[in-house]
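Chemist: Sequence:
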Amino acid sequence: AAGPAVLCLHSNIIDVSAADSQGMEQHEYMDRARQYRWDLPCSLGTLAAPSEPRPQAGREGVSRIAAYAFSALSQIRVDAKEELVVQFGIP
1 AAGPAVLCLH
11 SNIIDVSAAD
21 SQGMEQHEYM
31 DRARQYRWDL
41 PCSLGTLAAP
51 SEPRPQAGRE
61 GVSRIAAYAF
71 SALSQIRVDA
81 KEELVVQFGI
91 P
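For the sequence shown, position 75 (counting from the first letter as 1) is numbered 75 according to full-length UniProt numbering, and the numbering increases by one without interruption.
Everything labelled a hint here was simulated from the structure, so no lab data went into it. Quick caveat: nothing in here was measured; it's all calculated off a predicted structure. Among the hints, erroneous ones may be present.
Estimated spans, in silico, between C-beta atoms of each pair [said to hold, decoys possible]:
1) ILE90 to GLN56: 53 to 63 Å
2) PRO55 to ARG32: 31 to 41 Å
3) GLU83 to TYR29: 29 to 39 Å
We put the CB at the ideal spot given by N, CA and C, even for glycine.
Let the hints inform the model, and build the full structure from the sequences given.
Modeler: What follows is the structure in structure tokens.
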């Protein structure tokens, strides 16, 4: 059986890829996102914390990997050699 937090999240998921099929407009998505931003921290307060704190070496490893990833991403550069124009089938 799923916990109440999982059931709550399942009922409030927004499928942004199905915007057209659901008939939702942009402002409706923004309203839901704003609502979830306020609801989620309250829901997270009911989750149990780990029984023991994580080891310092584990946290340092994660921080080091995140720093490497940030460094790699910040060095990506796009050299645009030509403009990309897409023709839409609008009559």
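Chemist: A separate judgement is required for each hint: does it hold in the structure or not?
Modeler: Status of the hints after comparison with the structure:
1. The hinted window of 53 to 63 Å between ILE90 and GLN56 holds, with their beta carbons roughly 59 Å apart.
2. Between PRO55 and ARG32 the CB atoms are about 38 Å apart, so this pair conforms to the stated range of 31 to 41 Å.
3. Taken as a hint, the range 29 to 39 Å holds for the pair GLU83 and TYR29, whose Cβ atoms sit roughly 30 Å apart.
In the structure shown, no violation is registered for any of the earlier numbered hints.
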